[in-house]
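**Q** Listed here are the chains, written in short residue letters.
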Amino acid sequence: MPEILALALTVLLVVLTAAYARRFGIGKEISLAGTRALIQVLILASIILLLFKLPIYWSALVLIAMAAIAGHTTYSRSGKLEGSLPPAIFSIASASALLLVPFFLLGIFPFEPRYVVPTGSILIGNAMNVSSLAIDRYRGEIKNRRAEVEAYLALGANPELAVSACLKQGILSSLIPSIDNMKNLGLVWIPGVMTGMLLSGADPIEAASIQIVIFAAIVAAGFIASSLLLHYSTDSFFTKAAQLREDLD
Amino acid sequence: MNVHLELKNVSKAILRKVNNTRVKIQILSNLDLQVQKGELVTVMGASGSGKTTLLRLINRLSEIDSGIILLNGKDIRDYDPMELRRKVGMVFQVPVVFKGSVRDNLAFGMRLWGDDMDLEALALEAAIPGNLLDADAGQLSVGEKQRVCIARALANRPEVLLLDEPTSSLDAVSAEKVETLLLRLGRERNLTMLWVTHEREQALRISGRILTLKDGRLEEYHA
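Going down the list, the sequences are from chains A and F. 793 is the number of the first residue of the first sequence in my numbering; add one for each residue after it. 2 is the number of the first residue of the second sequence in my numbering; add one for each residue after it.
The reader is advised that the hints may include incorrect statements.
Said to hold, decoys possible - Taking lysine-lysine pairs in the DSS-like style, the calculated list, with each CA pair at most 27 Å apart, reads:
| no. | chain 1 | residue 1 | chain 2 | residue 2 |
| --- | --- | --- | --- | --- |
| 1 | F | K75 | A | K935 |
| 2 | A | K935 | A | K845 |
| 3 | F | K75 | A | K1032 |
| 4 | A | K960 | F | K100 |
| 5 | F | K18 | A | K1032 |
These are calculated hints, taken from the structure and not from any lab test.
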């Protein structure tokens, strides 16, 4: 029964917000986004329901598909930089997998689809956000610091050395939101996992412990994914003769 | 005759943004040039005539569309690009110093190639006062920065030095100092130098062979 009421409240809120948003000319966007979100989340719930009944490797396949979509999103954010799609998918998938495994090896969560899919998706989603921010900033830094990069190249430096300051700035900028969120954890907001666990009646200490470990994993996955992505996409900014590509602007 | 650098039939088009669309503009057309070892060649030309592009092709910061460029009789595409750029140094119009001290900047090539070098002597040679060696390079005046860039390029012990309007961003006093410095270093180190400038007076002052870049080709300059 609560689920029917929750869905009814969602529809009501979307309709009311869209009606109000019409004054600002964004009524259509709000109603479209709200409807899309509602349908997508119901489809997702159905898939998860199905996954719970299927063998665990189906969950792995779903996570791989999620990582591929996440990689494509990050690739688009890079300005569809030639050759950067495989590194984007690989970085997000490998960083998320690396941080997902300990949860099950240490027995924090039982190795079941119910735990594998949501935890994996949190890691993939955040790794994607951080990687998108990182590649966007990296590209911007290289573009704006073309003179500096070419000064390095002109002295015989290889591309990796020539863009090392841009790479550092890209990673640093992408991690600022995660670092700020971590600093303010529990002060400004109660994060999603903890909220969910508290709402479903879990012990606050248990909820807090799970939240903090997930948060640490999120930051680590983002850091690893963005470092890998920037490292492996560096070649995409250069020609084979170590020339900074001219079509970056 | 000891030809050091040779450009044969070199053509290059570049992309320029015109009204938000990229337009291909032919900037060099079947250009020929021969430079002897230790020779100083001055290239004059109006803004946008392709002077900078010409230099960028020689150290392969940009790629030629057609033709061939030979260094010591060998196609530059047969050199490792990093090794080529070590042999063919470049000084840019606007000096770019790297983060760190003047000493860090001068030692860049040394660290890169694992060479050993007397940085104090190098600084002295480039007219950089000894008390500036440990100063933050970012805080220097533009003229001082340009001298650091020249010394940094020389630390690689290049055979050829490409100079892309090296004094045009400097005030008159600094420009004169840098000009004198470059001429002295060129003589002392027997460097092959290609000096690009848009100033006719400077080209005449520098002496050496003067060429003008017009319609994508080089012509001998006659005063």
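**Q** Run the distance test for K18(F) versus K1032(A): straight-line Cα separation, threshold 27 Å.
**A** With a Cα-Cα distance of about 25 Å, the restraint between K18(F) and K1032(A) holds, given a limit of 27 Å.
**Q** Quick one, are K75(F) and K935(A) close enough, alpha carbons at most 27 Å?
**A** violated (33 Å)
**Q** Given the hint that K935(A) pairs with K845(A), test it: the Cα-Cα distance must not exceed 27 Å.
**A** Not satisfied, since the Cα-Cα distance of roughly 50 Å exceeds 27 Å.
**Q** Within 27 Å, alpha carbon to alpha carbon, are K960(A) and K100(F)?
**A** holds (13 Å)
**Q** Would the pair K75(F) and K1032(A) pass a check requiring their Cα atoms to be no farther apart than 27 Å?
**A** Holds: K75(F) and K1032(A) sit about 19 Å apart, inside 27 Å.
Going down the numbered hints, you'll see the structure goes against 1, 2, while the others check out.
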